[in-house]
Amino acid sequence: RSSDERNAHLPEWLHYYNWHRPHSSLGYQAPISRLGLSVNNVVRLHS
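Residues 108 to 154 (the working numbering) are what the sequence shown spells out, left to right.
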């Protein structure tokens, strides 16, 4: 892929990596789950 293509897909990949992908070092939880946010805070941060 070209740099432009990588740059275009990076935000989507980062979102998946931090919000959805289970990490073995975190007990197969997504990193965002460690914040312990309420639903209202997640919606605000997840926009």
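It is worth saying that the hints were derived from the structure and are not from the lab.
Please note that the accuracy of each hint is not assured.
Unchecked claim - Label pairs and their computed distance ranges (CB to CB):
1) P118 to R141: 18 to 28 Å
2) S109 to G134: 34 to 44 Å
3) G134 to D111: 34 to 44 Å
4) S140 to W120: 26 to 36 Å
5) H116 to P138: 33 to 43 Å
6) H116 to I139: 25 to 35 Å
7) N114 to I139: 18 to 28 Å
8) E112 to G134: 16 to 26 Å
9) L142 to E119: 18 to 28 Å
10) S140 to E119: 16 to 26 Å
11) P118 to S140: 31 to 41 Å
12) Y135 to S110: 25 to 35 Å
13) S110 to G134: 14 to 24 Å
Heads up, the beta-carbon is just placed ideally off N, CA and C, and yes, glycines get one too.
Does the Cβ-Cβ separation between G134 and D111 fall within 34 to 44 Å?
The hint (34 to 44 Å, Cβ to Cβ) holds, given that G134 and D111 are roughly 37 Å apart.
Go ahead and decide if the range 16 to 26 Å is satisfied by the Cβ distance of E112 to G134.
About 34 Å separates the Cβ atoms of E112 and G134, which means 16 to 26 Å is violated.
Tell me if the beta carbons of S140 and E119 are separated by a distance inside 16 to 26 Å.
holds, 20 Å
Could you check the hint for me, namely that S110 and G134 are 14 to 24 Å apart, CB to CB?
With a Cβ separation near 35 Å, S110 and G134 fall outside 14 to 24 Å, so the hint is violated.
So the hint says 33 to 43 Å: do the beta-carbon atoms of H116 and P138 match that?
The hinted range 33 to 43 Å is violated for H116 and P138, with Cβ atoms some 19 Å apart.
Pairwise beta carbon distance, S109 to G134, judged against the given window 34 to 44 Å
holds, 37 Å
Has the hinted range 26 to 36 Å been met by the Cβ atoms of S140 and W120?
violated, 19 Å
Is the gap between the beta carbons of H116 and I139 within 25 to 35 Å?
About 20 Å separates the Cβ atoms of H116 and I139, which means 25 to 35 Å is violated.
Status of the given 25 to 35 Å range, CB of S110 versus CB of Y135
holds, 33 Å
Is 18 to 28 Å respected by the C-beta to C-beta distance linking L142 and E119?
Between L142 and E119, where Cβ atoms are some 21 Å apart, the hint holds.
Does the Cβ distance between P118 and S140 fall inside 31 to 41 Å?
For S140 against P118, whose Cβ atoms are near 20 Å apart, the range 31 to 41 Å is violated.
Has the hinted range 18 to 28 Å been met by the Cβ atoms of N114 and I139?
Taking Cβ atoms as reference, N114 and I139 lie about 23 Å apart, which means the hint holds.
Of the numbered hints given earlier, the model fails hints 4, 5, 6, 8, 11 and 13; all others are met.
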